[in-house]
Structure formats: C-alpha cells, structure tokens
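Chains A and B supply the protein sequences, listed in that same order.
Per full-length UniProt numbering, residue 1 is the first one in the first sequence, and the count goes up by one each step.
Per full-length UniProt numbering, residue 1 is the first one in the second sequence, and the count goes up by one each step.
Incorrect hints may have been included.
Just the calculated beta-carbon pair ranges, DEER-fashion [claimed, not checked]: (1) A/42 - B/64: 13 to 23 Å; (2) B/48 - A/35: 37 to 47 Å; (3) A/22 - B/1: 40 to 50 Å; (4) B/17 - A/39: 14 to 24 Å.
Restricting the straight-line Cα-Cα distance to at most 30 Å, the calculated cross-link-like pairs of lysine-lysine (DSBU-like) are [said to hold, decoys possible]: (5) B/24 - A/87; (6) A/27 - B/85; (7) A/36 - B/61; (8) A/61 - A/27; (9) B/9 - A/54.
Calculated from the structure, these hints are not laboratory results.
From a predicted model like this one, the values you see are computed outputs, not experimental measurements.
Note that the Cβ used here is the ideal one computed from N, Cα and C, for glycine as well.
Number of protein chains: 2
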Amino acid sequence: MARMEQAIKDMVDMFLEYANGDGKLNKDELKNMIQKEIQNPELKAKLCAVDFDKAMERMDKNRDGEIDFKEFLKCMSCMAKCYYKKKTGKDNE
Amino acid sequence: MARMEQAIKDMVDMFLEYANGDGKLNKDELKNMIQKEIQNPELKAKLCAVDFDKAMERMDKNRDGEIDFKEFLKCMSCMAKCYYKKKTGKDNE
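Between the sequences and the hints, there should be enough to build the whole structure, so can you do that?
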C-alpha cells in the first residue's frame, strides 16, 4: 500500500510517456492517453464523446494549443473533484 | 494499464479513508496517511522530518486547522511538480 507515492509517480510517468519527449500533450496524445489509461467503459465512453477541441481549449490555460504538465495536473484535480462529488454527494467548494 | 483512472480513484479513496468520515484531515490523520501510503524510505524520511505544524499551515489555505479535499489535491499537485522537476530537470512554470 503506497497509493500516495504511486499516484504521484503515475501522473508524472504517464504524462512524460504520452508527451513523447517534448513535455507537452497535443490533442492526439491526450486522446491516446484517455483511450489507454482509462478502463471503466462508462467513463471512457463519456470522455471519448467529449468534443476534444473544446476540452483542449478549456484545459489549455495559456492557449498554446498544447497541454503542459501544470495544465495536466489541473485536469486530473478536476476529474478527482468530480469523482469525489459522485462518491460523497458533497461539492467540497 | 489504467493509471489515469487508478490515480484519480486512489486520491479520493485514500483521502476519505484517512479523513475518517468527516471529510477533513487533521494533523494526525495526515501524518498517518504519509506514514502508510509512502514506501520510498528516502521520501518518507524527508516528509516525516517536516515540521507538521508548518506544513499544515501552508496546506490549509482557508485556515480552519484541517485539510479538505481541495487542499489535499493542491498538496498532491505540488508533490507531483517536485517529482516532475526531479525527473526532467524542468520547472514547468
């Protein structure tokens, strides 16, 4: 049981893997990550039905057309808040 | 391989487990989490040597003496940024 350490390590490793060495995720790399790193069919279907242009726009805070690690972490936090809300019924805002 | 999903799930589950039902981590609960959910001896030693009063102060953005889920996510992001920097040598700011 080292879930704290594992979650941190996985977020970094996963980002670096899919960013293919340039430290940024473009739209195809982000799609590829979601396709491969989410197994729950309901969640995957939901995320894959998303309009990726719009999603990128929302995540890409500095508007450079790619997702850097900081933007990726914001996206992970956002998904964790959604899951927290679903599980507890609480908003935590 | 479903690291994205797993990391999100683990962050929520872990927080709820250690928060003991009230949706907040106090200092002892946070210490307990770090003790149990980090295995790397170097990292654990570093985190356990931390002055917990100061660490709580820094994490506890709304100054209520406890860490809510939003504050916990900020702390996870902060640790992920440190690990990213250590691994890549880049700051991502």
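If you test the structure against every hint from before, which numbers come out violated? 1, 3, 7
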